[in-house]
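As a plain string of letters, each chain reads:
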Amino acid sequence: MKETMRRRRFLAGTIGAPAAFLASGPGGAGCAPGGPSAVLGAKTYSEQIILGELLARLLRASGLAVTERFQMQTFVLHSAIANGDLDCYIEYTGTSYSAIMHETFVAGQTAEEIYERVKELYRERFDLRLGPPIGFANDYVIAVPRDFARERNLRTISDLARISDYLFVAGYPFFERADGLRGMMDHYGFTEMPESIEVEVDMVFQVMEAGQADVAVGNSTDGRIAKLDLLVLEDDLGWFPPYESALVYRPDAHPAVADLAERLGGAISTETMRSLNRRVDVDGEQPADVAAEFFETLVG
Amino acid sequence: MSFLEFLAGRWTEILGLTLEHVVLVVISTVAGVLIAVPLGLAITRIPALGRPVLGFAGVIQTVPSLALFGLLIPLPFIGGIGSRTAIIALVLYALLPILRNTVTGVRQVDPAILDAANGMGMTDWQRLTLVEVPLALPSIFSGIRIATVVGVGLVTIAAAVGAGGLGSLIFRGLAMLDSRLLFAGAIPSAILALLADAGLAMLEARLVASRGAPTP
Chain E
1 MKETMRRRRF LAGTIGAPAA FLASGPGGAG CAPGGPSAVL GAKTYSEQII LGELLARLLR
61 ASGLAVTERF QMQTFVLHSA IANGDLDCYI EYTGTSYSAI MHETFVAGQT AEEIYERVKE
121 LYRERFDLRL GPPIGFANDY VIAVPRDFAR ERNLRTISDL ARISDYLFVA GYPFFERADG
181 LRGMMDHYGF TEMPESIEVE VDMVFQVMEA GQADVAVGNS TDGRIAKLDL LVLEDDLGWF
241 PPYESALVYR PDAHPAVADL AERLGGAIST ETMRSLNRRV DVDGEQPADV AAEFFETLVG
Chain V
1001 MSFLEFLAGR WTEILGLTLE HVVLVVISTV AGVLIAVPLG LAITRIPALG RPVLGFAGVI
1061 QTVPSLALFG LLIPLPFIGG IGSRTAIIAL VLYALLPILR NTVTGVRQVD PAILDAANGM
1121 GMTDWQRLTL VEVPLALPSI FSGIRIATVV GVGLVTIAAA VGAGGLGSLI FRGLAMLDSR
1181 LLFAGAIPSA ILALLADAGL AMLEARLVAS RGAPTP
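Those protein sequence lines, which keep their order, are chains E and V.
Heads up, the final residue of the first sequence is numbered 300 in this note's numbering, and it's a clean run with no missing numbers.
Heads up, the final residue of the second sequence is numbered 1216 in this note's numbering, and it's a clean run with no missing numbers.
Bound-form chain E, shown alone (with noise of 0.2 Å):
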C-alpha cells in the first residue's frame, strides 16, 4: 500500500515536471545556456554511484540537463556545493555534523536532532538546504570475521580497545575525520594504535576478502558485510553518531533539484539501499543498470 503511494507521488512528480519547467527560477550552478540543468554530485563507492545515477534519471525525467560529477571526496564535494559548483549530492547526517561542521556528538542525541541542527546549520554556515530524510542510514561500524570475534573474545568496540596485535583496515578520510579513528581512540581509551592499512574507502572489504586484516571500518550498508561474514562491533560508548543520508541542494538550484529533495524523502529504507548496494558489490552488476531498474520501480 505504502509503495503504491510512493510510487504515485513519484509518478505525479514527473508529469508535474513541466509545470516545474515553465517555472524555471534563476539557475545555480547548472544555469547552462540552452535551457535548464544542474550539476550533480557523488561520492566514490558504489552506493553513492548508484544514487547518482538514479538522481540524474530523476532529473532528466524533470526536463534538466544533468551534469554528473562522481567518484569525488566528501569534502571536495563540500567545498564544491558551497561554492555553487554544484547544485546537488546526497550527503550523511553524522558526515555533516562531525567532519564537516565540527560539532560534538553526545551520546544520547538522536537522529531527528542530527538531522534537525544539520539542516540549520547547512542554512547558518553555507546557505544550503536539505531535503527531508531518504530514509536509510549508512553508518560507520567496526566489523570483524566471526572466528576473529570468537577468539579474541569481541562484541563491543569496548572489547577491541583493550586488546593489541591485530591489523586494521579503513579508508583514507577515517584516519583524519573529526569522527574518525583518533576521536575513537580517545573516546575509547584504546591502549594502543593499531597496525593499520589505509585504502580508498571502497576497498577495505576487498582486503578483509583476501584475509589481510582482521579488522574493517566500514559502510553499514555495504553489501560484503553479510557476504564474508563480518560481525558488527557496538559501538556500546556511543561515539559514531547516526548517519541518515538526505540531499544537500543550494537554493538557487532549478527547482525540480528541490522538488526532488522532497520526492526523495522515505523513498528508500536500508534494506532496499543494502540489497541495491550488494547488487553492485556483490554480484558485479553495473551501477547505472541497478539505477535504471530502480528508477522503473519508484516512477514505474
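Check the hints yourself; a few may be wrong.
As the list claims (entries may be wrong) - Computed footprint of chain E on chain V, listed as stretches where at least three residues anywhere in the stretch have a Cβ under 8 Å from a Cβ of chain E: (1) 1073-1083; (2) 1153-1167; (3) 1177-1183.
In short, the hints are calculated from the structure, not lab data.
Remember, it's a predicted structure, so these values are computed and weren't measured experimentally.
Beta carbons: idealized from backbone N, C-alpha and C, even for Gly.
With chain E's structure known, arrange chain V on it following the hints.
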C-alpha cells in the same frame, strides 16, 4: 594551527611513513637493477632479445601507474593489497630506464677499444666485464638514477593500494581537502628524491674514479 605546529604534532607519524617510503624505493630499485642490468647485458650479446624485452618494458611504462596497481590487485601470488603489489609494479617501472641505458651504454663503447681488447686476446666475458661494463657505467648509472627518482614519486601513488608510505598523507590530504597533509606528504617525498639522486651521483663519481685509476 600553523603548518609548523601541525608538523610538530605529527612528526613521528611522518617519520614512520618516510621510512616505509624509503624501504619500498630501496627494495624495488635494487630488484630492478638486479633484473635489468644483467638483462640489458644479455641483450648486447643476444640482439634477438632486444626487441621483445625492450618492447615489454616500454609497454609497461605506458600503463598509468594507478591502473597498473589496480590490475595487479586481483592476481594470485604476486597481487593483493599492500607493499608486495607496490614493489612488483615499481620493479616493472624501473626496468625500462635501466635496461635502455645499459644497452645504450655498452653499444656506445668505441669500436676501436673493442678491437684493442680483442687484439689482446680477451675472451668475450673478459671484454664485457673489464672493458664494456666499466665504460658503460655512467650510462647505466644515469638509468638507475632515473629509475630511483621516478620510483620515489611512484611510491606515493602505491599508497592507493595500501602500500603505506608518504602517499598515505597525500591521499588523506586529497580526501580531506587539507593542504597541510598534502605538504606533509609531498615535501619529504621531494626531499627524498633529491637526496637519492645526489647520493647515487656521489656513488657513481666514486665508482668511475676507481675505474679510472691505473691498474697494476
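Hint check results:
Closer than 8 Å: that is the beta-carbon criterion, and the stretch 1073-1083 of chain V has 4 residues meeting it against chain E, so the requirement of 3 holds. Evaluation of the coverage hint for the stretch 1153-1167 of chain V: fulfilled, as 5 residues show C-beta separations to chain E shorter than 8 Å, against a requirement of three. Counting residues of the stretch 1177-1183 of chain V whose C-beta sits closer than 8 Å to any C-beta of chain E gives 3, which meets the bar of three, so the coverage hint holds.
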